[in-house]
Amino acid sequence: MAPPAQSSRYPSPSQPSGKGEVSDLRLQLRQLAGSRAPGVDDSKRELFKKVISYMTIGIDVSSLFGEMVMCSVTPDIVLKKMCYLYVGNYAKVNPDLALLTINFLQRDCKDQDPIIRGLALRSLSSLRVANLVEYLVGPLGSGLKDNNAYVRTVAVMGAVKLYHISASTCIDADFPATLKHLMLNDSDSQVVVNCLFALQEIWNSESSKSEEATREKEGLISKPFIYYLLNRLREFNEWGQCLVLELVAKYVPSDTNENFDIMNLLEDRLQHANGAVVLATIKVFLQLTLSMADVHQEVYERIKAPLLTLVSSGSPEQSYAVLSHLHLLVMRAPYIFASDYKHFYCQYNEPSYVKKLKLEMLTAVANESNTYEIVTELCEYAANVDVPIARESIRAVGKIALQQYDVNAIVDRLLQFLEMEKDYVTAEALVLVKDLLRKYPQWSHDCIAVVGNISSKNVQEPKAKAALIWMLGEYAQDMDDAPYILESLVENWEEDAPEVRLHLLTAIMKCFFRRPPETQKALGIALAAGVADFHQDVHDRALFYYRLLQYDVSSAERVVNPPKQAVSVFADTQSNEIKDRIFDEFNSLSVVYQKPSYMFTDKDHRGPFEFSDEIGNLAVGVESEHEVPATSVDANETSDLLLSTTEKEETRAMVANGSDYTAPLYDSSTRALPSQGQSELAITNLLGTSDPGPQASMAIDDLLMGLDLTAPPAPASAPPSLKLNARAALDAGSFQRKWRELPVAIYQECELSSQGAAALTSAQALLQHMQGNSIQCIASGGQSPNFKFFFFAQKAEEPSVFLVECKINTSTAKAQLNIKAEDQSTSHGFSALFQSALSRFGTS
Amino acid sequence: MPVAASAIYFLNLRGDVLINRLYRDDVGGNMVDAFRMHIMQTKELGTCPVRQIGGCSFFYMRISNVYIVIVVSSNANVACAFKFVVEAVALFKSYFGGAFDEDAIRNNFVLIYELLDEIMDFGYPQNLSPEILKLYITQEGVRSPFSSKQSLDKPVPNATLQVTGAVGWRREGLAYKKNEVFLDIVESVNLLMSSKGSVLRCDVTGKILMKCFLSGMPDLKLGLNDKIGLEKESQLKNRPTKSGKTIELDDVTFHQCVNLTRFNSEKTVSFVPPDGEFELMKYRITEGVNLPFRVLPTIKELGRTRMEVNVKVKSVFGAKMFALGVVIKIPVPKQTAKTSFQVTSGRAKYNASIDCLVWKIRKFPGQTEPTLSAEIELISTIAEKKSWTRPPIQMEFQVPMFTASGLRVRFLKVWEKSGYNTVEWVRYITKAGSYEVRC
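Here the protein sequences line up with chains A and B, keeping their order.
Per UniProt numbering, the first sequence starts with residue 1, numbered consecutively.
Per UniProt numbering, the second sequence starts with residue 1, numbered consecutively.
A couple of the hints might just be wrong.
[As the list claims (entries may be wrong)] Going by beta-carbon spacing under 10 angstroms, a handful of chain B positions derived as facing chain A:
(1) Ala81
(2) Gln235
(3) Pro391
Hints listed in this document are in silico derivations from the structure and should not be mistaken for laboratory results.
Every residue, glycine too, gets a C-beta built ideally from N, C-alpha and C.
Can you make the complete structure from the sequences, with help from the hints?
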C-alpha cells in the first residue's frame, strides 16, 4: 500500500483529515489484536503500513498507541519493525503508555535471534523517555557483552543514546569503561567504530565536568591508540575510516620519521573510491606537514590529482563539497595550481554555485603566464545568460587587473565591457574602472575617454552610479562636461540612494575646486538639497561642507580633495587568523561556509562563549558542546519553527544564567549626549589654525542663494531618547547575518577608565557589567591585554537591534568600537550610551 | 565527526514529506517546515546545496523527482554527508530494481524505513553494502532466516557475522553453473572548444564497471595498457617496454575490494570482486585525448532579422565504427520566428522551448562529415539592438568499441582454487560528458 498523497497546502477529497480514519484504524486494530487466525499477520501489516504512512505525512496517530502495542505481539519481523518505529516516534508524547512496550521489548532483547535482539535493543534505547532509563541499563549491559557483533554495535549506540537521556545513569553504569574495553579489544570493526563515535561524544561533553574524562579524551589521540587504529584501518568500512582519519589529523607525531611513516601508510587511501575518505586523508597529510614547509608543498602537489578527479566525478553537490575544499587550498597556495587553471573553466550547464567557486579560483591562480588565457575565458562568461555569474566574471577580471603589474591588456577589455551596452555589464565595469584608477592613476587618460561617453542615464545601480560620480569628481579637469553631468545628476537628487548622494556631494565639491564658475550653480543646489536631506549622513556631510566653505575655501580643498596616493594593495576582507582557523577545520562545514565553526554554532549554544585559543581543542570542543539535548518539542506544534525555538532558547538562557533579575529599562536620554555638539567643535578646532586663504574671494553666501541656514535645521539629528530592552535576544546565526548585511554606522575610539582597565582581567567581568546596562554579549575572546567582544542590544519598543564589535586594549585603556545599527538614526544615541556604560566599568 | 545527522527527509517536488526519519533530538521536530519555507519556496532552491537556517545546516540533493535532505546541527563533514546520500540511493535502487523516484518511494516506504534504521544509527553511518544488507533485510520483507520456525529449512550460514564482518563485499559459498565476468569501460569526454576551434579544455573521466557471476572466492587480476603499469611490469620481468600506445592516467581511484598496497607496489589491479555489479575503478585523463567528433560551426547574422547557420560535424574515429544516438543542439535566439533547414544526414527540428535547433543522427559512421545548413528568421524588435549572446553548441553521443583515452584491457585473469573456466566479456563505450563548442 502506498501512503496517500499528502498535501498540507492543497487539501483534496482523498486526503485523510485524520479523525475518522484514525478511529477506523483503531477499530480494525482492536479486532486483529486478539486474533490468531491464519493470515492475520498480513492484514496487520496492511494496517500498520497505513498507520506509518499517516505518521510520515504528519497526521497525529499517537492515540492508537495502546492498540499498536497490543498488536505488537507477533513473530513477524516486519511487523515488529513497523511497531518499533511507531513506538519510537510517539513514546515521548506518551511516556505512560510507553511503559507498556517495555515488557515486550525487554523480552525481545533476550530473543534467540540476534537480529531481533538488536532491533529490540535499538528501539528500547530510542524511546527517549527519562523515567524509563532504569529498564534500559540491564539490556544494554548484556547487549554490550552479547556474543553477536550486530547486537554489540547496536548496544554501543544505545549507550550514547542513554547518555543523552540521562548522563548520570550512563556514567554510573560504567558504560564508558565498557565501551573503551570493547573499542580496544573487539574483533568486529563496526563495533570498534561505533565505540569511537560514542566515546568521543561522551568524553567531549564530560570533559568540562571531570578531569578523568579530559584525560580519556586526550587518550584518544595518544600514540598507542592512534597506532592501534591505523593498524586496523583497512578493516573498517569507509565511514569508519573517515572517523579514524579525522582523529589521526589531530595527532601530533613526536618526530618527522613518524610523520612520514603515517603518510606512507595512508598514501593508498588517496585512491579510495569514496571521496570522503580521500578528503579525510588529505586533511591528515596537510595537518601532519604544517610545520615542514617544503613537504607541505609536496603534499599539495600530491593531492592535486585526486582532488581534481573528485571534482569531475559524482553529482554537482558532491563536486561542490570537494570544490569548496579545493577552493580553500587554491586560495592558500595559488601558485601551485597555476598550471591547472583549465580545470577551473566553467561548463555551460554547471550550477551557479559551482561556477562561482571556479571563478574565484581562476582569479586566484592568474599569474604572468596564464593571465591572457584566463582573462579571455572570463570575458566569455561576461556575456553569459546567467547574470550573477556574468557579474562575478567581470569582477574577476577586475581583481586580476588589480593583482597584476601588466594591466595593459586587461584595461582594454574592461573598457570593452563598458561598450557592450548591457546595463549590468556597464555597472560592474564602472566599479572596476574606479578601483583600477585608484591603484593605477596613470591609466586615467584611456579610461576617462571611454567613461565620458557613458550616459549617466544608463547607469542605475547605486554602486555603479557612485563609481561614475567619483570619477567625474576626481577627473573633472579632464572631462569637459563633468560639471554639467553632475548638475543634471543633482536634479534627480531624491531618486538616488544615500550612497550616491554622498558621492555626489563630494564629487561636486571636487569639481568646484577645479572649475568654480561652471560648478557654482550645481554646488549650491546640491548643498541645499543635502542639508535638507533626511538621511543623517548626507545631511551631516552637506552641513560639514557648507561650514568648511564658509570658513575658508582653500582649507576646504585641503580637506575634501587632498592629493591622493595610489592604493597599492586593497584590504583583504578575511583576516589570516580566520583563514587559518578554517584551514584547521578542513573537511567540515566551515570550509563550505568559508567561516570558522564558532561563527555558525548552533542554536543550543547561545550566549557568551569563549574563543578557544587552543586550536586543537577547538575542533573537538565545538562538536561536543552542541550535543545538549534540546527541550522537548511538541509533536503537533505547528507554529513557526524558528520563532518557537528562539523563544525557548530565551527562557532556557534565562534559567541557565541562574538569575531571574529584571533589569530596569535603561534610559539614555538622561545621560549627556555630546556627539553632535562635539563634532562641530572638532571641525572648528581643526580649521582654526589655518590662515584664511587668498582665494576666499568666492562669495560663499552668494553661492548658497536663498538658502537659510542661520538656524541649523537640526530636527533630524536630535537624538531620540533611547531605551534598551533588558531581555534582548538574538541568536548567533542572526547576529552573523545582520553583521554581514549592515554597514558600519559608527567607528569610534574611546577610553576606558583606569579602574576599568584594571578590572578587565577576564572577558567575563565586562560581560556582566554590560548586561546590567541591557547590552548583551554574544561572543568574546582574547587574553590580557587584548580583548575582543561582540555585543548586541535591542530597542525597548521595537525589534531594531544594534551590533557592536569592541576591541579593548587594557594596557593603553583604549577601546575601538564598530557599531552597526538597523535603525541608523539612533546609532549616535546608542554609541553615546554604549560608551558611557563602558566608561563606568570598574568604577561602580 | 563524519556525519551525525539529526534527521533525514525525503520530499517530493511539491514539498510533501515522503519519508521522515529523526535520528537525534538536537533539532526540532518540524525542521522540514523550515526547509520548505526557506529553501523550497524561495529562489534559493538550486543556488547552493548546503544552507544554514537557524542553528542547523541543511544538505540537500535532488534525485529524479525527490529531494533528500539531511539536517545536522554540528560542524559536519559535508563530503561524507553527500556521499552517504549517494550510497543510500544506490542501495535503494538495488532493492527496488532500478528507478528511484517518488512512486518507488511510496511503494516501498516500509522497506526504506527498515533500511534507514540499519544504515544509520543515531546519525552515524553504519553498513551500506547492499550485498550484506540483503542477507537480513529481504525485498519481500519475509521473516528473518533466524526466526525459529524457518531456520530449519533455509539455513543461511552465519549471516550476522558478515553483517559487520571484515570482507564486507563478498559472502562465501556462492556457486554458479556458468562462471562469467563482464567488464565495461565507460568513458565520458568533456570538451570545451573556443569559437576559433582551439581546445580550451578537454578531459576524459572513465570508469570500469564489472558484473561478476563467479563461484567461490576468486582472485582477479586486470592488466591495462596504462603507462605506469606497463613500465613496472617490464621492470619486474626485465624486458624492454613493448612498443605501442600507452596511456597516462592522471588519477585513479578504486573500489574498496582492490588491494591498494599491491597496486602501489606492483601496479597491478588485483581484487576479490563483490558478487554482481560494481564499479571497479575510476580514472581521469587529460593528455592525448582522441576527440570522436569535431564540430565546425559558422553563424552569420544577416541584418537584424535573418541568420544563417552552417554546422559541419566530422567523425574522426575509424570508418568501420559508428556512433549511436548523436544529438547536436545548436542554439538560436529567443525571438526566432521561422526556421528552414537542410541536413545531409539525420533529422533536424526547431525546439522553441530550449531555443535550439535539435539535430539527431541515430547512426553516425566514422570518417564522415554531415552538415546542417539553416536559415533563421527573427522577429524584429525595436528596443534591443544589442547582439545576441550565443550559448555553446552541445553534443550528445555514444561510440561503442571506442575509447577516447585509448585505454585497452590487456588481460583479465581469474583464479580460483577450484580452477574452473570462466568466460570474460569486455566492452568499450565512449559517451559525451559536457561536449561544448562555442560559436
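>> For the restraint on Pro391(B), tell me whether the closest CB of chain A is nearer than 10 angstroms.
In response: Given a least distance of 6 angstroms, the restraint on Pro391(B) holds.
> Does the CB of Gln235(B) sit less than 10 angstroms away from some CB of chain A?
Replying inline: violated, 20 angstroms
>> Does the closest beta carbon of chain A sit nearer than 10 angstroms to the beta carbon of Ala81(B)?
In response: holds, 8 angstroms
Of the numbered hints stated above, the single one contradicted by the structure is hint 2.
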